[in-house]
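Number of protein chains: 10
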Amino acid sequence: MIRVGQKVPNFEMEVYNPATNSFGKISLEDILKERRWLVLFFYPADFTFVCPTELADLAEHYEELKKMGVEVVSVSTDTKYVHLAWRNTEKLLEKVMFPMGADPTGKISRMFGVYDEETGLALRGTFIINPDGVLVGSEVNFYNVGRNAEELVRKMKANIYLMSHPDEACPAKWQEGQKT
Amino acid sequence: MIRVGQKVPNFEMEVYNPATNSFGKISLEDILKERRWLVLFFYPADFTFVCPTELADLAEHYEELKKMGVEVVSVSTDTKYVHLAWRNTEKLLEKVMFPMGADPTGKISRMFGVYDEETGLALRGTFIINPDGVLVGSEVNFYNVGRNAEELVRKMKANIYLMSHPDEACPAKWQEGQKT
Amino acid sequence: MIRVGQKVPNFEMEVYNPATNSFGKISLEDILKERRWLVLFFYPADFTFVCPTELADLAEHYEELKKMGVEVVSVSTDTKYVHLAWRNTEKLLEKVMFPMGADPTGKISRMFGVYDEETGLALRGTFIINPDGVLVGSEVNFYNVGRNAEELVRKMKANIYLMSHPDEACPAKWQEGQKT
Amino acid sequence: MIRVGQKVPNFEMEVYNPATNSFGKISLEDILKERRWLVLFFYPADFTFVCPTELADLAEHYEELKKMGVEVVSVSTDTKYVHLAWRNTEKLLEKVMFPMGADPTGKISRMFGVYDEETGLALRGTFIINPDGVLVGSEVNFYNVGRNAEELVRKMKANIYLMSHPDEACPAKWQEGQKT
Amino acid sequence: MIRVGQKVPNFEMEVYNPATNSFGKISLEDILKERRWLVLFFYPADFTFVCPTELADLAEHYEELKKMGVEVVSVSTDTKYVHLAWRNTEKLLEKVMFPMGADPTGKISRMFGVYDEETGLALRGTFIINPDGVLVGSEVNFYNVGRNAEELVRKMKANIYLMSHPDEACPAKWQEGQKT
Amino acid sequence: MIRVGQKVPNFEMEVYNPATNSFGKISLEDILKERRWLVLFFYPADFTFVCPTELADLAEHYEELKKMGVEVVSVSTDTKYVHLAWRNTEKLLEKVMFPMGADPTGKISRMFGVYDEETGLALRGTFIINPDGVLVGSEVNFYNVGRNAEELVRKMKANIYLMSHPDEACPAKWQEGQKT
Amino acid sequence: MIRVGQKVPNFEMEVYNPATNSFGKISLEDILKERRWLVLFFYPADFTFVCPTELADLAEHYEELKKMGVEVVSVSTDTKYVHLAWRNTEKLLEKVMFPMGADPTGKISRMFGVYDEETGLALRGTFIINPDGVLVGSEVNFYNVGRNAEELVRKMKANIYLMSHPDEACPAKWQEGQKT
Amino acid sequence: MIRVGQKVPNFEMEVYNPATNSFGKISLEDILKERRWLVLFFYPADFTFVCPTELADLAEHYEELKKMGVEVVSVSTDTKYVHLAWRNTEKLLEKVMFPMGADPTGKISRMFGVYDEETGLALRGTFIINPDGVLVGSEVNFYNVGRNAEELVRKMKANIYLMSHPDEACPAKWQEGQKT
Amino acid sequence: MIRVGQKVPNFEMEVYNPATNSFGKISLEDILKERRWLVLFFYPADFTFVCPTELADLAEHYEELKKMGVEVVSVSTDTKYVHLAWRNTEKLLEKVMFPMGADPTGKISRMFGVYDEETGLALRGTFIINPDGVLVGSEVNFYNVGRNAEELVRKMKANIYLMSHPDEACPAKWQEGQKT
Amino acid sequence: MIRVGQKVPNFEMEVYNPATNSFGKISLEDILKERRWLVLFFYPADFTFVCPTELADLAEHYEELKKMGVEVVSVSTDTKYVHLAWRNTEKLLEKVMFPMGADPTGKISRMFGVYDEETGLALRGTFIINPDGVLVGSEVNFYNVGRNAEELVRKMKANIYLMSHPDEACPAKWQEGQKT
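Protein chains in written order, with our numbering: chain A, 183 to 362; chain B, 183 to 362; chain C, 183 to 362; chain D, 183 to 362; chain E, 183 to 362; chain F, 183 to 362; chain G, 183 to 362; chain H, 183 to 362; chain I, 183 to 362; chain J, 183 to 362.
FYI, nobody ran anything at the bench for these hints, they're computed from the structure.
Just so we're clear, the structure is a prediction, and the values are computed from it rather than from any experiment.
There's no promise every hint is true.
Computed cross-link-like contacts, DSS-like style, restricted to lysine-lysine with a CA-CA straight-line distance of at most 27 Å [as the list claims (entries may be wrong)]:
1) C:Lys-355 <-> D:Lys-249
2) D:Lys-273 <-> C:Lys-355
3) A:Lys-289 <-> D:Lys-273
4) I:Lys-339 <-> J:Lys-189
5) F:Lys-273 <-> E:Lys-355
6) B:Lys-273 <-> B:Lys-215
7) E:Lys-248 <-> C:Lys-189
8) C:Lys-273 <-> A:Lys-273
9) F:Lys-355 <-> E:Lys-248
10) I:Lys-207 <-> I:Lys-289
11) E:Lys-189 <-> I:Lys-289
12) C:Lys-355 <-> D:Lys-277
13) C:Lys-289 <-> A:Lys-289
14) F:Lys-355 <-> E:Lys-277
15) B:Lys-289 <-> A:Lys-189
16) A:Lys-339 <-> A:Lys-215
17) B:Lys-339 <-> B:Lys-189
18) B:Lys-289 <-> G:Lys-289
19) H:Lys-273 <-> J:Lys-273
20) D:Lys-339 <-> C:Lys-355
21) A:Lys-189 <-> A:Lys-249
22) B:Lys-207 <-> B:Lys-273
23) E:Lys-355 <-> F:Lys-249
24) E:Lys-189 <-> F:Lys-289
25) E:Lys-189 <-> D:Lys-273
26) J:Lys-273 <-> I:Lys-289
27) B:Lys-207 <-> B:Lys-289
28) B:Lys-339 <-> B:Lys-249
29) F:Lys-289 <-> J:Lys-189
30) B:Lys-249 <-> B:Lys-207
31) E:Lys-207 <-> E:Lys-273
32) F:Lys-289 <-> I:Lys-289
33) J:Lys-189 <-> I:Lys-355
34) C:Lys-189 <-> D:Lys-289
35) G:Lys-289 <-> G:Lys-215
36) I:Lys-339 <-> J:Lys-339
Model the full assembly from the supplied sequences, consistent with the hints where possible.
Structure follows, in structure tokens:
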């Protein structure tokens, strides 16, 4: 299990890509080559009830994050076939444009410590990987507490600011534009 | 290292208690006996620069959290003697009233996976333990990205709400009073 | 991995039950208590293309098998939520009335040797467990060759006949009513 | 023990060849060199009662299978001397023209998981190896349930069809000539 | 592997019994209970060419040995079904009345060190077990050298004589009636 | 412990040579270089009572065996000094002309499985090694049953015959000149 | 743990340097390169009560020791930030000019056997390393017994004298100028 | 090897007792029973040159230490016979009245980490054990630097003072009568 | 291997007893029960040339030793049969009356460290065991240096004297009657 | 522990040399280079009572042994300083001219099996090493039985005689000039 501050080993994942309505693959290596950040957004299961609100909330900020150089991938242990079916039948997800990753073996969920061996599902975990491949932030909520995409955006901005201003620090509640 | 969803083994820690200006001890067991929640708030080191803003921010919400049944303990690997000296010389900390925990052996920091073996300091990690002793939330930021105490309060409210409404779920960005 | 002729250890599985349109659990123990036979019918994934024809074919013979004292459970590594969604949107499945088992951890698929560690999916395997809990028949096809439910019925009849006529044998192509 | 989907290691076996009334050897390697399929047809013992009907049934389809590029070898743990004696005294076997393999050490039976350590005999198992040496189908019946050679022919046709139409799939009960 | 002078652990073996033309079992324990001697006479395989002359030669002395309190069992790794078939079709064996033991797992052949792991057949070994269950004589010939049943009878007589005259010794070439 | 059918590792042994009344050494290697057979004839101890009759009996056939290309060496765990003393004081041994091997460490007796760890003596074992160094025959009698040198000669003749007629077999009781 | 008479492996430590009021690093290697002696002066914790008197006492002799070619470094498991704060607020320390070493991981304290695993603090240990890197003197007092800097100076003089007069010895209570 | 702060396991040692000019034994257990302190004073070897000055210096303070409840035992790896001879021929030792311990096996020297495996001699180490059997002070000098008995007396006084005033501390250079 | 000063475990040995011209057994236990001493006198082999002079020399003192309460047993790795033959044919041994021990397995020779694994013979070793079963003296000569029985008698007398005068010592060359 | 007949590994030892009244070293290697024999003469301790008579007795024969090419070294676990003191104060030792070896670590005493782990002293053992470095004789007496230097001289003469007459043997009690 990778801890904050460690380098993340390369991984590859099948995805359903709503933007092109097609299947594909993403790999950490490819994202790092383009010097982008990666946010992995794990959730328990497709076709359940809390999850779509989190994904919909995240979908609202996807454009903004993309512009900041951040790729976002949602991940559950469902297959890509199921992602396609869910995305295209569940109304709440109609704005979702980020790739939906499939981790049926649980390999990637285990790598980030969010695989629940009992149920075969992933906990609600968010992980921020910087363009050097280092895990710089993690957040995990046990089951049904939803995440806040705005807070994620705030943290991404602080991280990106610090990357180009390494001798500074972003104090508590720092918002872009504040001086550090 | 404990993962979200697991029971936290009992631990004991020396603290400096600003409220009474005295030294003491806290133990998980004692807090659970009173059916309270515990938030552990790790940070790297006393007498440095980012850290006091995070602690000051947290201090602003301590009363509110206490009323919700939540104990908050800040933790670094400094000794209780150092906590006393810092609290009483650093202006920014004058509102800090929560116990300041001392973890000079790094035992508790290691338990939560935030001990940096290279430097002997703790990463910025926040951990939420429910009254059953289960770790229900974690957040870790690599070095200098400050945390947001308001978001912590939001998550605490959601957790507490779910504890008494186990069949519901708090969707993304849920705020107290919203229906789930 | 269990081999033909060995006793199958007890297992439990979450299911979506189309007959009652509800979620539930089945366990081997419960089925054996009623002295019934169990046929496990593994397939790779919901929301794909070959699989529904196999399930539909099987659905045609479910009534007959039930009358013979045989319970049938289809199994994939998808969740019960996905089974529900698929059963109720895929036309080909509208006659499916047998419980659809969810094995997202792959625990049961591994027990019968049909879990593909590479993809996290199950191979097309059919397994017959007699009322004493002994595995008496297995059939596994690599990926896309569909099974024949009629041949399954023929084998079930032969097995049931032999259970009550232990000193006889059912020759090749034996059909019910033939003398052994 | 080899599972469906795995490559079969090379093996060699002594055979009695009824076609030439002579002893010889067959090896997987030789069959794969000619790009042929191999069906191994295990049964418990010569000079017993169920077995000849299965072998006779299989003998009826040997010509057809051969034309499809499939070699068939029956296997028991008896010696080749015993095969010769049985083939030439048992009336039911007079049409048997496929090589009868001898596995007195049980080495090959163990490789396919059908060796019964208690009795030293092989279970009734059928195994299909494709021209790439991959095990693509298995079927095992506990003791006295006879197999159906027609079903074997059906599966062979589906397998062969899929080999040259890799992007298709043969649905349940598929028969040659049907569209997939 | 048991050596001369050691106690033989109990074993059980299926046999074809030509005297009653039926199948049965023999166990060392049963023979020792009746205070009889046991001669095990291993040979490679039924339906081959040297072997029947050895068995026929032995058959000539079976009556005499029985009267001396000696049971004789021939053993190969063939099944009891094959023994029956061979005994009843091979002319040379028509006088064979001793039980023909079946050791298809090779367990008993291994116990006496005559199992050839390469071929799955037994070497030509003769073993004499006294009424106390001790192995008192062994003789093994590599493949095709036939044994001499008369010499076996001579050795049995010497062994039996010494059993009741423990302080004497039977010199070389001793024949019954000679003084020791 | 070497089994029939295995290659015998080289060994060397001190001997008393009655033919030249001198001490010397023999090694398996030297005997095989001359393409001769070797018979090792173990017995428990010098200066005891059964043993000289066996050695005397063997002495009668030594000339004949030598002419057939067979070397014979008797072996006990006594020293060569004791062999000399015994040979020259015991009347029964006056015709003994074969080398008398000394195995005081028991190394060679252990190699052939006839060393009795309890007493430090060798059992009565006869071993035939062919000119390729392969053990082709063994015979072991527990303590006081004497061996028959004529039967040894018969077996040697059969072995030698088969060596030059590899495709034949010597049936039971075969005597030189008989057709196989 | 290093014992007197052994070579000390290289180590590096962060320090607060009161002389320049800045942070820096010292390493054993650098000190040995200049052929200087090193005294490590461990104490439990900053901001406590006994410790400053020891450090103040040592500060009185720092100049003298420096002239003798001796570097002195005080060490506790506090961070360099804490050293700076303490040195600049505690009156008793105002004459302290030697580097104050920070060992928050306890790595160096463990190397010299003074780390208390229970508390995470260092015992009061003084260690003398000669210019060859050999540990030539140790003194450890359990908790609250203060050390005597004059005695340290006496021992340093004796050590330095002996380094240049290797064939002599400094008797008990030896003071510089005394003949040995 | 025992470290400061640990309990010392019991040990026993042969001594030459100059006070009574006789041989005897001392054990830690006996000293602790009388609630006395024990100082062990190791030195390399009898009949050498530095050592007697240290022992003579210590002898001067023996009376004073005894009155304080402290037993002193000098220890080398020489035998008690050698201690007797040395004490009675070496003028410098004529005032020595403390027991001279013999540690020819090096067992006790090893226990305190002062045994030099190369030479079989003990380093110059002084160890203070309190009446509870805890090692509270250690001092080791590499070879030829003599110790200072007055400093030992000072440390003993401070230790004894702290034993009865556990909440105080003796600052640096503390002398009896000073306030802590 | 037993060393001087250790207790000798019990052992038993077959002997030829010249005094009664019969075979028997001796055990250490029996000798110790009668509070006698035991001298074991090992030599390489019977029927060789040095050995009889040592045994003859020892025979001259056997009466005297017996009267002192000492049993003497000579030991080689030859059998008791060989001892009988040698004693009764070798003139030099005609006065030998002590038991001649047989150690063909080398077990007892190994116990005393005189077994030569290369040759299977014992070195010339003399061992003195006191009535408490303690090995109190050993002497071993490499191969051909003969021992001196008179010196053995001298040492036995000194040992016996010291057994009853435990506080004395027998100086060098001590002879009975001398004062110690 | 080295046994008679084995090669002795090189060793080095500090000695007090009475002949030159100085300290030095001897090594086995140096003695073997000069093709000399070495006698090691172990005894328990200096300044005790039996030991000087043995050393005095040995001193009487030192000249004679030296002329025969034999070096003699006495050894105890005392230091060379103690040897000097003893030799020069004990009257009985005034004729001792052989080097007195110091083995305070017990390393050499252990090599020859005479180190008593309980007391740290050496047993009374004499060891003869020939010019090839082979241990050819050993003698060990438990504690207080003194050795006989004349017998040592006798054995040395026999050993030296045999070295140049390898085919002979020195019978019991052999004295120089006797024929073997």
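Hint check results:
1. C:Lys-355 <-> D:Lys-249: holds (23 Å)
2. D:Lys-273 <-> C:Lys-355: holds (19 Å)
3. A:Lys-289 <-> D:Lys-273: violated (58 Å)
4. I:Lys-339 <-> J:Lys-189: violated (34 Å)
5. F:Lys-273 <-> E:Lys-355: Distance of about 19 Å is within 27 Å: holds.
6. B:Lys-273 <-> B:Lys-215: violated (35 Å)
7. E:Lys-248 <-> C:Lys-189: violated (45 Å)
8. C:Lys-273 <-> A:Lys-273: OK: Lys-273 of chain C and Lys-273 of chain A at ~21 Å, within 27 Å.
9. F:Lys-355 <-> E:Lys-248: Answer holds: Lys-355 of chain F to Lys-248 of chain E is near 21 Å, not above 27 Å.
10. I:Lys-207 <-> I:Lys-289: holds (15 Å)
11. E:Lys-189 <-> I:Lys-289: Distance of about 24 Å is within 27 Å: holds.
12. C:Lys-355 <-> D:Lys-277: holds (17 Å)
13. C:Lys-289 <-> A:Lys-289: It holds: about 15 Å lies between the C-alpha atoms, which stays within 27 Å.
14. F:Lys-355 <-> E:Lys-277: holds (17 Å)
15. B:Lys-289 <-> A:Lys-189: The hint holds at about 24 Å.
16. A:Lys-339 <-> A:Lys-215: Holds, at roughly 21 Å.
17. B:Lys-339 <-> B:Lys-189: holds (21 Å)
18. B:Lys-289 <-> G:Lys-289: Status holds; Cα separation ~15 Å.
19. H:Lys-273 <-> J:Lys-273: Distance of about 21 Å is within 27 Å: holds.
20. D:Lys-339 <-> C:Lys-355: holds (19 Å)
21. A:Lys-189 <-> A:Lys-249: holds (24 Å)
22. B:Lys-207 <-> B:Lys-273: Judged against 27 Å, a Cα distance of about 25 Å means the pair holds.
23. E:Lys-355 <-> F:Lys-249: holds (22 Å)
24. E:Lys-189 <-> F:Lys-289: holds (24 Å)
25. E:Lys-189 <-> D:Lys-273: With Cα atoms ~47 Å apart, Lys-189 of chain E and Lys-273 of chain D exceed 27 Å; violated.
26. J:Lys-273 <-> I:Lys-289: violated (48 Å)
27. B:Lys-207 <-> B:Lys-289: Since the Cα atoms of Lys-207 of chain B and Lys-289 of chain B sit roughly 15 Å apart, the hinted pair holds (cutoff 27 Å).
28. B:Lys-339 <-> B:Lys-249: holds (11 Å)
29. F:Lys-289 <-> J:Lys-189: holds (24 Å)
30. B:Lys-249 <-> B:Lys-207: The hint holds at about 21 Å.
31. E:Lys-207 <-> E:Lys-273: Roughly 25 Å between the alpha carbons, so the hint for Lys-207 of chain E and Lys-273 of chain E holds.
32. F:Lys-289 <-> I:Lys-289: holds (15 Å)
33. J:Lys-189 <-> I:Lys-355: Violated - the C-alpha atoms of Lys-355 of chain I and Lys-189 of chain J are around 30 Å apart, more than 27 Å.
34. C:Lys-189 <-> D:Lys-289: Given that 27 Å is the threshold and the Cα spacing comes to 24 Å, the pair holds.
35. G:Lys-289 <-> G:Lys-215: holds (23 Å)
36. I:Lys-339 <-> J:Lys-339: Holds, because 26 Å separates the two Cα atoms, which is no more than 27 Å.
Checked against the numbered hints listed earlier, the structure breaks hints 3, 4, 6, 7, 25, 26, 33; every other hint is satisfied.
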